[in-house]
Amino acid sequence: MFPALSRKVYGKNIVYFDNAATTQRVKSVLDKWNEVSIHSNANIHRAVHRLSDEATRAYEEARDAVRSFINAESREEIVFTSGTTAAVNLVAFCFGEAFIEEGDEVVVTEAEHHSNLVPWQMMCKRKKAFLRVLPINDDGHLVLDKLDSILSPRTKIMAVTHVSNVLGIVNPVKGIIAKCHDRGIPVFVDGAQGIVHCKVDVREMDCDFYAFSGHKLYAATGTGVLYGKKKWLDAMPPYMGGGEMVGNVSFAETTYAPLPLKYEAGTQNFASIATLKPAIEFVKLLNNNKLTKYTDSVKEYMLNTLALHSKVRLYGVPQGTSKDKIPVFSFSVDGVHHEDLALVLDKMGIAVRSGQMCAEPLMERLGLTGVLRASLAPYNTLEEVEYFVKCLNIAIGMFA
Amino acid sequence: METLKEAENAIVEEFSMYDEWLDKYEYLIELGKSLTDYPESEKTDDKLIKGCQSRVWLDYKFDNDKIVFSADSDAIITKGIISLLIGLYSGRTPAEILSSDFSVVEKIGLRENLSPTRANGLVSMIAKIKEIAAENV
Ligand SMILES: Cc1ncc(COP(=O)(O)O)c(C=O)c1O
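Respectively, the protein sequence lines represent chains A and B.
So the first sequence is residues 100 to 499, counted in the numbering used here.
So the second sequence is residues 716 to 852, counted in the numbering used here.
Keep in mind the hints are simulated off the structure, nothing from the lab.
Among the hints, erroneous ones may be present.
In silico PhoX-like cross-links for lysine-lysine, where the CA-CA straight-line distance does not exceed 25 Å [stated by the list, open to error]: (1) B:LYS845 - B:LYS781; (2) A:LYS389 - A:LYS410; (3) A:LYS111 - B:LYS822; (4) A:LYS245 - A:LYS255; (5) B:LYS762 - A:LYS446; (6) B:LYS762 - B:LYS776; (7) A:LYS422 - A:LYS111; (8) A:LYS489 - A:LYS107; (9) A:LYS298 - A:LYS328; (10) A:LYS328 - A:LYS389; (11) B:LYS822 - A:LYS446; (12) B:LYS748 - A:LYS410.
A quick note: this is a predicted structure, and the numbers were derived from the prediction, not measured.
Pulled out of the complex, with its shape left as it was, chain A reads as follows (with noise of 0.2 Å):
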């Protein structure tokens, strides 16, 4: 099912473990960006004649699954961009544009990933606005007493992650939403993480945007994904200008597309949007009961195995029960360097990260240069996790 998966590095069998940065492509993803090259290559949107229509409908069909995917309203409310990091300077852009006005204060956390940091912070400094940031505690959760001094009568907007690609830990954005929602702020949620483990209801959760990349959720790479309100959508002036977003163009006016089209200028990359079709189907597939128990239990190994460990430090222990987090592990080994370890792991096989994963405020705040991290897939097995653990023990052990 995964093409990628059955090959060799160095002479052993790959054991994928960095899906949080990417993950595999399911073979209907690939034959669909296929199908889409090969036979129904044509701009979309443009013309009347029949390969157009076909890659177009791919491309519509695509937005249609993933509206039911999410549970959104309409299919207006869902815009296609190239992955989470372009979302996120949308609305920090339109949403600043529209909104923001000097000394208005705009709330992220300390848990970020820098692509929903940096936009904001951008748009901060070109609106003279300011950047509040709700903190973690130790242990890598949010600290949410401090929401109600942190927001404020300025703030416009607070923008958090679903799940940190760090910690793991499912952070309980209906709550944060609810309470921004009293004080009438909208809240931006970064979805990268979160769509690929949770069961995502954008209107259960009432969030205001929601962003998420189709290559983290086995799909064709540069695809992404912005569930905006319609109200906002709407509100917002377009983000750029070009072919397809107009209504009427002239020297004097140009007006602008109906939702969405408003938000996709030029021509987009539908072959691989179209992949988030059959991405969409086989994650359903996943959620059949039979397979969500196993891959419970693979992660159930990997958390107690990590931290039970006497030499490892795991960062994201959930406070709860194990649903609170995804299959993400980012630890320290005492005295022992994360390159290193990764330097080894990949000789034997294995692919994880090392490194600050683009989260240098929470790496500052855990006191770190940086983390190994391990992240597993559906497809990745319990075999799989015990020859990692396995050589992480002889990896730790040619560094004593």
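On the provided structure of chain A, position chain B with the ligand as indicated by the hints.
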């Protein structure tokens, strides 16, 4: 003292004894551990080599006309690599250092066996050694 060429050939020979990359890493780890004399007070930003994922400090002084390098890193394999490099190039004149083509790192397979980000680190280390030599001819 053996010539630089002889020292480089000896390292290539040493490495060729190991078939497995893990054994080469063991060797680098030992080399890294043997590098102990770098003072904490010299771990300053101006001595950091840019372009490495882990932190690498490189300092030097003169012993008559010869450059004596010292180095440290917070990652041990990287430290082994810089240790290997300064083992070769320390205690030599700038002209001697610049006479090397540094092909030794290719011959022992270091460059292609490091991921691009780490290979960049290696390139940066070599560039820094060359730069120091060139500044002092
Ligand atoms: C939590 C989080 N936010 C944002 C991003 C950025 O995603 P992308 O690089 O696909 O735009 C990532 C992935 O690296 C992530 O894990």
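Checked hints:
1. B:LYS845 - B:LYS781: Answer holds: LYS845 of chain B to LYS781 of chain B is near 14 Å, not above 25 Å.
2. A:LYS389 - A:LYS410: violated, 34 Å
3. A:LYS111 - B:LYS822: The given pair, whose Cα atoms are some 24 Å apart, holds under the 25 Å limit.
4. A:LYS245 - A:LYS255: holds, 17 Å
5. B:LYS762 - A:LYS446: violated, 30 Å
6. B:LYS762 - B:LYS776: holds, 13 Å
7. A:LYS422 - A:LYS111: With a Cα-Cα distance of about 33 Å, the restraint between LYS422 of chain A and LYS111 of chain A is violated, given a limit of 25 Å.
8. A:LYS489 - A:LYS107: holds, 19 Å
9. A:LYS298 - A:LYS328: holds, 19 Å
10. A:LYS328 - A:LYS389: violated, 35 Å
11. B:LYS822 - A:LYS446: Holds, because 19 Å separates the two Cα atoms, which is no more than 25 Å.
12. B:LYS748 - A:LYS410: OK: LYS748 of chain B and LYS410 of chain A at ~20 Å, within 25 Å.
The structure fails to meet hints 2, 5, 7 and 10 from the earlier list, while all remaining hints are met.
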